[in-house]
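These protein sequences, in sequence, are chains A and D.
This note's numbering puts the first sequence at residues 1 to 799.
This note's numbering puts the second sequence at residues 1 to 155.
Keep in mind the hints are simulated off the structure, nothing from the lab.
Please note: incorrect hints may appear among the correct ones.
As the list claims (entries may be wrong) - Calculated pairs, DSBU-like style, for lysine-lysine (alpha carbon to alpha carbon, straight line, at most 35 Å): (1) A:Lys-482 x A:Lys-221; (2) A:Lys-664 x A:Lys-316; (3) D:Lys-29 x A:Lys-75; (4) A:Lys-572 x A:Lys-504; (5) A:Lys-221 x D:Lys-29; (6) A:Lys-316 x A:Lys-148; (7) A:Lys-572 x A:Lys-26; (8) A:Lys-75 x A:Lys-221; (9) A:Lys-339 x A:Lys-316; (10) A:Lys-221 x A:Lys-87; (11) A:Lys-248 x D:Lys-29; (12) D:Lys-29 x A:Lys-26.
Said to hold, decoys possible - Quick list of simulated restraints, FRET-style, between CB atoms: (13) A:Glu-586 x D:Asp-81: 51 to 61 Å; (14) A:Asp-706 x D:Glu-78: 44 to 54 Å; (15) D:Thr-41 x A:Lys-87: 35 to 45 Å; (16) A:Pro-74 x D:Glu-78: 33 to 43 Å; (17) D:Glu-78 x A:Ser-219: 31 to 41 Å; (18) D:Ser-120 x A:Ala-453: 28 to 38 Å; (19) D:Glu-78 x A:Pro-140: 47 to 57 Å; (20) A:Asp-718 x D:Ser-67: 27 to 37 Å; (21) A:Asp-123 x D:Glu-78: 27 to 37 Å; (22) D:Arg-79 x A:Ser-729: 29 to 39 Å.
Said to hold, decoys possible - Examples of chain D residues lying across from chain A (beta carbon under 7 Å, computed): (23) Asn-43; (24) Thr-136; (25) Tyr-138.
The beta carbon of each residue, even a glycine, is placed where N, CA and C say it ideally should be.
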Amino acid sequence: MTATQIPARVPTPTPTPVGYGSIPRKEDARFVRGRGSFVDDVQLPGMLYGAVLRSPYAHARIVSVDISAAEVHPKVRAVITGDMLDKRGMAWMPTLFGDVQAVLATDKVRFQGQEVAFVVAEDHYAARDALSLIEVEYEPLPALVDAKLALAPDAPLIRDDLDGRTDNHVFDWSAGNKAATDDAFATADVVAECEILYPRVHPAPMETCGAIASLDRVSGKLTVYATSQAPHAHRTMYAQVTGLPEHKIQIIAGDIGGGFGNKVAIYPAYVCAIVGSILTGCPVKWTEDRSENLMSTAFARDFHMHGEIAATSDGKILALRANVLADLGAFNGTAQPTKFPAGFFHMFTGSYDIAAAHCEVRSVHTNKAPGGVAYSCSFRIAEASYLLERMVDVLAHDLGMDPAQLRMRNLLRPEQFPYTCATGWEYDSGDYPTTLRLALEMAGYDELRREQAARREGGGDAPLMGIGLSFFTEAVGAGPRKMMDILGLGMADGAELRLHPTGKAVLRLSCMSQGQGHATTFAQIVSQELGISPDDIEVVEGDTDQTPFGLGTYGSRSTAVSGGAAVVVARKVRDRARIVAAAMLEALPDDLEWAEGRWQVKGVPSTGKAIAEIATAAHSGLELPEGVEGHLDATTVYNPPNLTYPYGAYVCVVDVDPGTGQVKVRRFVAVDDCGVRINPMIVEGQIHGGLADGVGMALMELMAFDANGNHLGASFMDYLLPTSMECPSWELGQTVSPSPHHPIGAKGIGESATVGSPAAVVNAVLDAIGVRHADMPLTPAHVWRAMQGRALRTDVALE
Amino acid sequence: MEISITVNGEDYRRDVEPRLLLVHLLRDKLRLTGTHWGCDTSNCGVCVVLLDGVPVKSCTVLAVMASGRQVRTVEGLERSDGLDPVQQGFIDRHGLQCGFCTSGMMMTARWLLDHNPDPSEREIREAISGQVCRCTGYENIVRSVRRAAELEAGS
Ligand code: FES
Ligand code: FES
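So that you can see chain A by itself, here it is in the shape it has in the complex (with noise of 0.2 Å):
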């Protein structure tokens, strides 16, 4: 199976073709041209600019903030403290998990970077020199940085603002069935252990965060343009940190340079923004620069694991457990389900047939930037799938046994699907062991082997041939409303789509592209259900005055909830047109059929009606039965009946120069099986980008701290992201099990890539240098450390 290709330019005016397919993209046209809108390209008029000033200290009471000389700077128009804020009642507000967060510091600062004072100013440089003439002075408090010590009896205490708060502990969480799981450790032939870190990592969009607030005083309305993942949620939000009426806030988000996670939440700056609009009367703009980017936004992952495996001598898996300990930073913003304190973990069980399974995770408070759930971690599977890949490779070091064999010898089997999983989770469907050996056999499986093996036994300064395998399964598409809801706003997806007299539809939807295509994969979402040519459908999201009510995109959760929104509204609007056309055709509805995108009187295909003459009747004159009302329109919400299930196989090939430990990947294989591919050239650039995710992550990214608290990655000089030479070209595959839930078998693909990839990277170069387990990121430095047997911590810089 080869790679899909991607069709060469499509000529207009032919009309692009109904349906499925790799057509170009829509937004394009825009883009290619420089005519995006990016919140720093609004500009409004009288428009004044906002400035942060930032803590230096990761840990430091305020004494005192002086704002005088900034206030006085001609070009200087408002200045705003946490006093300030505090007076009207918004120095706090809520995380997106129920915990608060400072929007500027009354009393402490918790986290270097932490939002301090705001200036609004005539020009984004005078804005930044205010700055500077702001006198703030610190009584500097021991930094927690190793989560670690938080819970140590002289663990400075972060959280004195809550009440009776004594120590840094936020909660602990469990899954599985302990008892079982204990039992079958307890008779096993084999356990095998291992302490895994997955760092603290951050999505870093090319874009970064920034927002524009203008709140017009006549009208009381407030507009918001701003970076947002989920547009209808800030306005929630928004309301209630403000006080303002929800039908009076509007939320634009245009066109966003890259989420993965960090557009989510709401973050300090935004409300300063809001209040400095109030305050001047005038538009605030603010947009941050990459250190505020990366210091202070949402980060992900940051779990420190503890998993085992027990296992018969024979390989068979009986039974896992993890202990996770979760930095979450300074407060718990973690964006996920409600009822999941540590989002999906505990779908830790993977693609496995695993009887037995527990885990626990505790998590703390540090003096970091509060964040966790992004970089398209899925809900923290991410953090799972890693952990068990690397268990899986652990067990097979143990055993002697290749990684590839233990796999397939404890895959899913097709037969035990719809397949629930010792935690509780409802796998919807999957052919596992055909989509490894495919996987196997594209990346010539045996064939490396046998070079690795001719490689180690020429020995001398060759490169190091390592390969590594990955196997994950994602649950995605949060999800159903009775299970899943981020601060009491259920996870159902509104859809409306509306027919023009000429027949040309326009479909709003509450989801909102990042760049995945949106415009286009739900154009041919319902050129496929109604016929219509994908040209003739117009894509509305973003702007929450124009669309209906839904939570947003993340967890991979647009095409299958938004998605199946899509489907459902147009099958709404098609069964009405069916009415139409019976009138039109002067039959009755249950004499027509649905053929080649036309209503048609069964069996005569003459009479068939496409849907732009049933749109143009059903707008005109025409008499239609009792009770039925003109016209073509339908709205719907959509409320998943189960998470979708994508998987996928990975095998990554590396050479590592055993003198610098610098590693090259050499080929990576992804095989992905997302249900029903709607564009499969889109789903494609999906699985790329997050390919290259985990060649970052597993070798480069690196958010290290200092025993202070100083953030070590905190510019594009010390986080490193990976470029167009430490990506290979990728190969892909697929396979395809289409989910028996969804309307149109879809399973969703943006995070896919990220959450299996780094564990594949990782196990191939342990595999090249022989260590049974080093941390990410595999550095030059933490690669030749691990080869002399001392790897070090990499999150940590105590020295």
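Starting from the known structure of chain A, fit chain D with the ligands onto it as the hints suggest.
The following block gives chain D with the ligands in isolation, referenced to the frame of chain A:
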């Protein structure tokens, strides 16, 4: 300071602060927002424009340094008879997702093809190695530039 600068063939005169960066001149003063800004350290390359025909990171050039010189930005790629082959190549091969790195990538690609009409995959990767894309994993950017070379050879 008074500067005069030619951008996409149009002459502009502006009175600017000496510290104004070229990227901000383009975006905020001339309202050519197709050139983006993405980092503080000259690492990301979303700001790449052609200065006298050579790709530069416009966040590392002061507006005053560009005075008297020719700048070409993404807005200047399209030709009177249609899209530049580079633009068409990016559309044809899905070389962009969020579109944020795209302007810079295309400007570098334009320069590359002007000097090397038939670049290998390796040469393309080297040409864009100072620019970051978070969406595409580079694969389709490479294919897009190849596609542009083919379109150009064919036309
Ligand atoms: S803005 Fe990042 S290199 Fe210029
Ligand atoms: S397309 Fe999004 S950063 Fe390149």
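Hint-by-hint comparison with the structure:
The straight-line distance between the Cα atoms of Lys-482 (chain A) and Lys-221 (chain A) is roughly 33 Å, inside the 35 Å bound, and the hint therefore holds. With a C-alpha separation of about 33 Å, the suggested pair Lys-664 (chain A) and Lys-316 (chain A) falls inside the 35 Å cut-off, and the hint holds. Proposed proximity of Lys-29 (chain D) and Lys-75 (chain A) is supported: the alpha carbons are some 17 Å apart, at most 35 Å. Annotation: proposed proximity of Lys-572 (chain A) to Lys-504 (chain A) holds, straight-line Cα distance about 16 Å (limit 35 Å).
Straight-line distance between C-alpha atoms of Lys-221 (chain A) and Lys-29 (chain D) comes to about 29 Å, which keeps the hinted pair within the 35 Å bound. Between Lys-316 (chain A) and Lys-148 (chain A), the direct Cα distance comes to roughly 33 Å. Compliance with the 35 Å bound is thereby established for this hinted pair. With a CA separation close to 25 Å, the supplied pair Lys-572 (chain A) and Lys-26 (chain A) stays within the 35 Å bound. Restraint check for Lys-75 (chain A) and Lys-221 (chain A): the C-alpha separation of about 26 Å stays at or below 35 Å, so the hint holds.
Note on Lys-339 (chain A) and Lys-316 (chain A): the hinted pairing holds, with a Cα-Cα distance of about 33 Å set against a maximum of 35 Å. The hinted pair formed by Lys-221 (chain A) and Lys-87 (chain A) meets the criterion: a straight-line CA distance of about 22 Å does not exceed 35 Å. For the hint linking Lys-248 (chain A) to Lys-29 (chain D), the alpha-carbon distance of about 32 Å falls within 35 Å, and the restraint holds. A distance of roughly 29 Å separates the Cα atoms of Lys-29 (chain D) and Lys-26 (chain A); the hinted pair therefore holds under the 35 Å criterion.
Checked against the given bound of 51 to 61 Å, the beta carbons of Glu-586 (chain A) and Asp-81 (chain D), roughly 52 Å apart, stay inside it. Against the hinted window of 44 to 54 Å, the Cβ-Cβ separation of Asp-706 (chain A) and Glu-78 (chain D) comes to about 49 Å, which satisfies the hint. Range check, Thr-41 (chain D) to Lys-87 (chain A): about 38 Å between beta-carbon atoms, so the 35 to 45 Å window is met. Between Pro-74 (chain A) and Glu-78 (chain D) the beta carbons are some 41 Å apart, a value that agrees with the proposed interval 33 to 43 Å.
Judged by the Cβ atoms, the range 31 to 41 Å given for Glu-78 (chain D) and Ser-219 (chain A) holds: they are separated by roughly 39 Å. For the pair Ser-120 (chain D) and Ala-453 (chain A), the beta carbons lie near 32 Å from each other, so the given range of 28 to 38 Å is met. One distance hint, 47 to 57 Å for the beta-carbon pair Glu-78 (chain D) and Pro-140 (chain A), holds here, with the actual separation near 55 Å. Under the hint 27 to 37 Å, the C-beta atoms of Asp-718 (chain A) and Ser-67 (chain D), about 34 Å apart, fit the expected range.
The beta-carbon spacing between Asp-123 (chain A) and Glu-78 (chain D), approximately 30 Å, falls within the hinted interval of 27 to 37 Å. A beta carbon spacing of about 31 Å between Arg-79 (chain D) and Ser-729 (chain A) agrees with the range 29 to 39 Å that was offered as a hint. About 4 Å separates the beta-carbon of Asn-43 (chain D) from the nearest beta-carbon of chain A, less than 7 Å, and the hint is met. Using the Cβ-Cβ criterion of 7 Å, the hint placing Thr-136 (chain D) at the interface with chain A is satisfied: the shortest such distance is roughly 6 Å.
Annotation: interface hint on Tyr-138 (chain D) holds; nearest CB of chain A at approximately 4 Å, less than 7 Å.
When held up to the earlier numbered hints, the structure conflicts with none and fits them all.
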